[in-house]
Amino acid sequence: QSILCIDVKQCTNSTTTPTPTTTPFPNTTITPPNITISREPPLAHTKGDYPQDLFSVEERRQGWVVLHLFGMMYMFVSLALVCDEFFVPALGTITTKLDISDDVAGATFMAAGGSAPELFTSLIGVFISHSNVGIGTIVGSAVFNILFVIGMCAVFSREILNLTWWPLFRDVSFYILDLIMLIIFFLDNIIVWWESMFLFSSYILYVSFMKYNSKMEKLFRRYILNNSNIVKVLSLMDKEKPKPALQRGGSTASLHNSTLRSTIFQLMIHTLDPLGEGKGDLISVTKNQKVNKNEKVDKNVLEKTEVDKNEVDKNEKLDLPNTVNVEVTPPSDSPGPLQQEDAEDQPLSLEWPDTLRKQATYLFLLPIVFPLWLTLPDVRNHASKKFFPITFIGSILWIGAFSYLMVWWAHQVGETIGISEEIMGLTILAAGTSIPDLITSVIVARKGLGDMAVSSSVGSNIFDITVGLPIPWLLFTSFNSFQPVAVSSNGLFCAIVLLFLMLLFVIMSIGLSKWKMNKFLGFTMFGLYFVFLIISVLLEDRFIVCPVSI
Numbered sequence: 001q002s003i004l005c006i007d008v009k010q011c012t013n014s015t016t017t018p019t020p021t022t023t024p025f026p027n028t029t030i031t032p033p034n035i036t037i038s039r040e041p042p043l044a045h046t047k048g049d050y051p052q053d054l055f056s057v058e059e060r061r062q063g064w065v066v067l068h069l070f071g072m073m074y075m076f077v078s079l080a081l082v083c084d085e086f087f088v089p090a091l092g093t094i095t096t097k098l099d100i101s102d103d104v105a106g107a108t109f110m111a112a113g114g115s116a117p118e119l120f121t122s123l124i125g126v127f128i129s130h131s132n133v134g135i136g137t138i139v140g141s142a143v144f145n146i147l148f149v150i151g152m153c154a155v156f157s158r159e160i161l162n163l164t165w166w167p168l169f170r171d172v173s174f175y176i177l178d179l180i181m182l183i184i185f186f187l188d189n190i191i192v193w194w195e196s197m198f199l200f201s202s203y204i205l206y207v208s209f210m211k212y213n214s215k216m217e218k219l220f221r222r223y224i225l226n227n228s229n230i231v232k233v234l235s236l237m238d239k240e241k242p243k244p245a246l247q248r249g250g251s252t253a254s255l256h257n258s259t260l261r262s263t264i265f266q267l268m269i270h271t272l273d274p275l276g277e278g279k280g281d282l283i284s285v286t287k288n289q290k291v292n293k294n295e296k297v298d299k300n301v302l303e304k305t306e307v308d309k310n311e312v313d314k315n316e317k318l319d320l321p322n323t324v325n326v327e328v329t330p331p332s333d334s335p336g337p338l339q340q341e342d343a344e345d346q347p348l349s350l351e352w353p354d355t356l357r358k359q360a361t362y363l364f365l366l367p368i369v370f371p372l373w374l375t376l377p378d379v380r381n382h383a384s385k386k387f388f389p390i391t392f393i394g395s396i397l398w399i400g401a402f403s404y405l406m407v408w409w410a411h412q413v414g415e416t417i418g419i420s421e422e423i424m425g426l427t428i429l430a431a432g433t434s435i436p437d438l439i440t441s442v443i444v445a446r447k448g449l450g451d452m453a454v455s456s457s458v459g460s461n462i463f464d465i466t467v468g469l470p471i472p473w474l475l476f477t478s479f480n481s482f483q484p485v486a487v488s489s490n491g492l493f494c495a496i497v498l499l500f501l502m503l504l505f506v507i508m509s510i511g512l513s514k515w516k517m518n519k520f521l522g523f524t525m526f527g528l529y530f531v532f533l534i535i536s537v538l539l540e541d542r543f544i545v546c547p548v549s550i
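Just so we're aligned: 141 in UniProt numbering is position 141 of the sequence shown, and the numbers increase by one with no gaps anywhere.
Please note: incorrect hints may appear among the correct ones.
[What the hints assert, rightly or not] No farther apart than 20 Å at their CA atoms in a straight line, the calculated lysine-lysine pairs in the PhoX-like style are these:
id: 1; residue 1: Lys97; residue 2: Lys211
id: 2; residue 1: Lys385; residue 2: Lys97
id: 3; residue 1: Lys97; residue 2: Lys358
If you are wondering where the hints come from, they were derived from the structure by calculation, not from laboratory data.
All chains, please: the whole structure from these sequences, using the hints.
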């Protein structure tokens, strides 16, 4: 009776007439909804629809959590394998069948190939774990791509990275718009269906813009001719920077769109020397290229040629009678070195390696590679190219299974250690799903194509924000009578604001350094990334309060 008593009149009525217990119920139903609305989401977030674990929490704390940690990291490699070896080639076959331009393909299919783990993690977070693990993974991977990946490219490149202003300006403009929308939608801690539609429509707008990318660039250049200061800066950049000969037509996800992207299987089995792959590339790229006699040879390019010649193995004879090292960018329609590299894209090979180290790596990867090789046709093999729908659908199923195991085991590790899924997504899952792109970006940057690596990092983030987040939200609302999705979290809103501020800092720093990235800027980005991680963990664990929350 003391619980049912809300005011004095009810208490007096309950003492005189104990039988009429119906009067307190109208008053008790007024306050509990206010309590349950604020209490239910955290309870749902901490549980999740996972199967029963073989080990209890106490057994995991005694040491068995190492198995879950190993399984989670093994799923990182599994996701990279299925995406690189089967999913991305199948998407490439679809783009050729549909005759889609490189720019649109890079913004759609190839971006989906690179961001598939984040998308499926977001789906699992909404429908299975009932947590913000997907949001945390996408925000964490965005910061990882912006700060850590670009910083690694700047630190490990052989020279100062010269960036083309247009792809970076274009992608960052769309990305800033998307982040502003996401920050506004996060203010009330719920996502309504029309907010998800707005985010996804911005992706459609971006793809439409990419369809007319070259025309829009010409219009923009013509428009900014009215500003003499901008013209001076841009003309200075164009004179100083030799354009890489393998650069595609501004495709945002060009790392996934060319054979410059070494798959994780090739790196671990066949290459195992990723940082030494760029030697002599500048010489071999321009071999047998026809050059106009009136073409002016830059002194800096010739000096770089001498450096690269010295780096080539002395025992290797170079036949370069007709080679002149100038900046040559073949048009996208004409056959060039890039198409020759595409022709050399070999299917997955399960040949037994020769060295002991490679054999150990081969046995380590065989439990993943062999089932994939059995169930998915390799479309890079000419005879299997017609089975690309099977490879496409099968790859999606494998990615979904690997993502589920990754999130489940990450939840078990976090539950054992005492870390929430949001923090696991912001830190470990974000880095684990982005490591293959990190390795490829460093390789590409050392080949002199840092421009491609930087624009690809920003472009993949656009897909994550505008597809990886709103699509699971739209599916959830459509299956639940258009109920809003709860995204309440202690620190995710502030983490998104931090991501926005970090992006502005990176762009301002690159702009002030005349669109060049040196090693000092790379180490600065490293420091900012670790500052972001520390602040995000402190916010999520309530050690500090987000100052911008409303």
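Here's how the hints hold up against the structure:
With a C-alpha separation of about 17 Å, the suggested pairing of Lys97 with Lys211 holds against the 20 Å cut-off. Distance hint between Lys385 and Lys97 is fulfilled; the C-alpha atoms sit about 11 Å from each other, no more than 20 Å. For the proposed pair Lys97 and Lys358, the alpha carbon gap of about 36 Å is over 20 Å, so the pair is violated.
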